[in-house]
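Based on the provided sequences and hints, a complete structural model is requested.
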Amino acid sequence: MTTTAAATTETTTEPKTMTGAQLVLEALVDQGVDTIFGYPGGAVLPIYDALYQQNRIKHVLVRHEQAAVHAAEGYARSTGKVGVVLVTSGPGATNAVTGLVDALMDSIPLVCLTGQVPTHLIGNDAFQEADTTGITRPATKHNYLVKDVAQLARTVHEAFFVARNGRPGPVVVDLPKDVQFASGPYYGPELCRPKSYKPQTEPDHAAIERAIDLMAKAERPIFYTGGGVINSGPRAAEMLTELVRATGFPCTNTLMGLGAFPASDKQFLGMLGMHGTYEANLAMHGCDVMICIGARFDDRVTGKTSEFSPNSKKIHVDIDASSINKNIRVDLPIVGDAGRAIELLLAAWKKRAPKPKLDAWWKQIEFWRARDCLRYATTKDVIKPQYALERLRAAIQGRDDVIISTEVGQHQMWAAQFLPFDKPNRWLTSGGLGTMGYGLPAAIGAQIGNPGALCIDVAGEASILMNIQEMSTAVQYRLPVKVFILNNQWMGMVRQWQQLLHGERYSQSYSEALPDFVKLADAFGGVGMRVDAADDLDRVIAEMIAADKPCIVDVTVDPNENCFPMIPGGHAHNEMLLGPEDHKSQDPSAREEGMVLV
Amino acid sequence: MTFLSNEPIERHTFAVLVDNEPGVLARVIGLFSGRGYNIESLTVAEVDPVKQLSRITLVSSGTRMVIDQIKVQLDRLVPIHTVLDLTDGGAFVERELALVKVLGTGEHRVEALRIAGVFRARVIDSTTESFVFELTGSSQKLDAFIDIMRPLGLAELSRTGAAAISRGTATI
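Protein chains in written order, with our numbering: chain W, 10 to 607; chain R, 314 to 485.
The hints are simulated quantities; they were obtained by calculation from the structure and are not laboratory data. Among the hints, a few may not be true.
Claimed, not checked - Straight-line Cα separation of at most 30 angstroms, DSS-like style, residue types lysine-lysine; simulated pairs: (1) Lys454(R) <-> Lys384(R); (2) Lys204(W) <-> Lys414(R); (3) Lys25(W) <-> Lys364(R); (4) Lys156(W) <-> Lys275(W); (5) Lys432(W) <-> Lys275(W); (6) Lys156(W) <-> Lys364(R); (7) Lys25(W) <-> Lys226(W); (8) Lys25(W) <-> Lys90(W); (9) Lys393(W) <-> Lys364(W); (10) Lys364(R) <-> Lys204(W); (11) Lys384(R) <-> Lys322(W); (12) Lys25(W) <-> Lys204(W); (13) Lys372(W) <-> Lys359(W); (14) Lys322(W) <-> Lys393(W); (15) Lys432(W) <-> Lys528(W); (16) Lys364(W) <-> Lys226(W); (17) Lys275(W) <-> Lys360(W); (18) Lys393(W) <-> Lys67(W); (19) Lys226(W) <-> Lys313(W); (20) Lys204(W) <-> Lys275(W); (21) Lys313(W) <-> Lys454(R); (22) Lys275(W) <-> Lys313(W); (23) Lys364(R) <-> Lys207(W); (24) Lys207(W) <-> Lys384(R).
See below:
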């Protein structure tokens, strides 16, 4: 495919001519976009002017460009569509960078349009100039600088193709202001594909058969699945559920993969990894066949790689060949789309109908499960954060329209452990980059994409302050997002590590001078509530859910609670700490080794 | 990745076909610096003006796992068409060009010219006190020539890095 779009379409009909700004909007509409998140500025004024004169695309005005990207991520993750961002040059683009890297790490499809100074000023250190393509090159899946209006439509379409195909990710299109003013031809999306980008989606069928060979003979198998299944679409999650049930194997999900398999299912072992369940991590450690689908053996999942699941044959399905054999050597790599691979595995399994004997394995797993690793000590005096989430869980249980986002830290891990995710696209969290401030804008994006849904940001008092300005956005668009703050007055995860690994020297981790969140919500035009007593939780949660405005609930929780289970840095899956007592008995030299890891 | 430290280090030559567009080289180099891979040499030039393709020849070294990662990481960059690990792909030829400036008079000058003849280097510039030699060959041959020239008045050196192509009828 070396024929350019321009050359091919010329022979059919004469393309319509319009300004660069109009070309951009026309391309967005043709890509099925009806909502974009952005913030205006000098270098994108022509596009904002074109937006003003149309009604096909709704623009959501955020209060900070980072939040525009997170909102687009929340929108994309909860709807399955490509999220679109529009920001200006210079600071607009640099503010977006954190969100772009976040989307890159978590494989979220985004197209981010950035304004740029006019082409003749590029390189002159002009006002609000930044080398956007240079800065975002390692922050995106791909980026473009459009210097010729004739290439504009093709480039925007290509950006969408790259963002959503293969392993999804963010794509930046940098648009100099003179290109937005210039007139050029419009080409539709049909022929605008990159010449060289052809991701492999169809798995090797022979490899699928070999996978079934391994699975059929397995005595201690486990499914370990991740965000790739979610990215492949809701059908992939349904088929995964069918496959897991057909095989009778246990299944664990990564943080990004929660919801791909119903958490309420008996075969679900919970999340795995650093704060995963005892049964999931020990099953990973002790399995003889591991079927990894759409996950990437991240260090938060594997712990110490040299001791990771030492006696298993590993099957790895991933659409990104570079995810395979990056951290952990696998025995059977399968490059392809997760959903397609699951479909083939399911068909092949049904055809052969093996009956592996798994009774002993399940007996072992039930033994681990009986440790009840998520249990915590309740007291009358303080609200345990886990208890607050259990009450939230009780309030949303059974509802199909709940979308949970989180910030980053202890509350995020507790939310992953305690909230029920039975379906995909209802769990929005910053897994790879771990971006504090992600949750509120992500909830806003999710609420925009799912107007009737109950969108709750489970937050910490430190994280929420990183993008608290987005309360304004929520109020402006009458979005009834809920912010459920587990307020322990500490950067809890930092404090936990300082306690466990740094001799209880709590350097800069105390949340000093906190605002009054109730008044803050009120000042923004939302609703604020505080909970100091466990008995009030149910009532306040009910009021929060009923509120038709943006709502902040500030729950005062135990400031000393730590998040367990925990695999300390540099340790293997079978070296989990289940509670504070475990930590006291830990070998101090092993602790020092773990300190250098993040 | 300390647990891999016992694995042997391999040297591999890659041929990479890319769209000749701004930023593509920065993408490749950024990938190497960002992921901590090492570049021993890198050469690039347009090879197909009609399709606007450039070819990068890249020499790197690392453990087997790193070498395999380099290939797939390059392969997923959008403007990259083909990545070929020539070292894995069987027989290939690899050549590098060096321009070597040697200053001197008298015996050293005569000896430099004699050695250049032995290595089949060409004299492409000369004054009464200097030569510029042009030498093509394997990187090891260039190293050997340069080592000999050092005591004979080696003053300046320009090397291209390796260009490589597979032997036989196979093409990229």
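Here is what the structure says about each hint:
{"no.": "1", "hint": "Lys454(R) <-> Lys384(R)", "in the structure": "holds, 27 angstroms"}
{"no.": "2", "hint": "Lys204(W) <-> Lys414(R)", "in the structure": "violated, 43 angstroms"}
{"no.": "3", "hint": "Lys25(W) <-> Lys364(R)", "in the structure": "holds, 27 angstroms"}
{"no.": "4", "hint": "Lys156(W) <-> Lys275(W)", "in the structure": "violated, 56 angstroms"}
{"no.": "5", "hint": "Lys432(W) <-> Lys275(W)", "in the structure": "holds, 15 angstroms"}
{"no.": "6", "hint": "Lys156(W) <-> Lys364(R)", "in the structure": "holds, 20 angstroms"}
{"no.": "7", "hint": "Lys25(W) <-> Lys226(W)", "in the structure": "violated, 61 angstroms"}
{"no.": "8", "hint": "Lys25(W) <-> Lys90(W)", "in the structure": "holds, 27 angstroms"}
{"no.": "9", "hint": "Lys393(W) <-> Lys364(W)", "in the structure": "violated, 44 angstroms"}
{"no.": "10", "hint": "Lys364(R) <-> Lys204(W)", "in the structure": "holds, 10 angstroms"}
{"no.": "11", "hint": "Lys384(R) <-> Lys322(W)", "in the structure": "holds, 24 angstroms"}
{"no.": "12", "hint": "Lys25(W) <-> Lys204(W)", "in the structure": "holds, 24 angstroms"}
{"no.": "13", "hint": "Lys372(W) <-> Lys359(W)", "in the structure": "holds, 25 angstroms"}
{"no.": "14", "hint": "Lys322(W) <-> Lys393(W)", "in the structure": "violated, 40 angstroms"}
{"no.": "15", "hint": "Lys432(W) <-> Lys528(W)", "in the structure": "violated, 35 angstroms"}
{"no.": "16", "hint": "Lys364(W) <-> Lys226(W)", "in the structure": "holds, 9 angstroms"}
{"no.": "17", "hint": "Lys275(W) <-> Lys360(W)", "in the structure": "holds, 25 angstroms"}
{"no.": "18", "hint": "Lys393(W) <-> Lys67(W)", "in the structure": "violated, 42 angstroms"}
{"no.": "19", "hint": "Lys226(W) <-> Lys313(W)", "in the structure": "holds, 28 angstroms"}
{"no.": "20", "hint": "Lys204(W) <-> Lys275(W)", "in the structure": "violated, 47 angstroms"}
{"no.": "21", "hint": "Lys313(W) <-> Lys454(R)", "in the structure": "violated, 44 angstroms"}
{"no.": "22", "hint": "Lys275(W) <-> Lys313(W)", "in the structure": "holds, 28 angstroms"}
{"no.": "23", "hint": "Lys364(R) <-> Lys207(W)", "in the structure": "holds, 17 angstroms"}
{"no.": "24", "hint": "Lys207(W) <-> Lys384(R)", "in the structure": "holds, 16 angstroms"}
In terms of the numbered hints stated before, the structure departs from hints 2, 4, 7, 9, 14, 15, 18, 20, 21, listed from lowest to highest.
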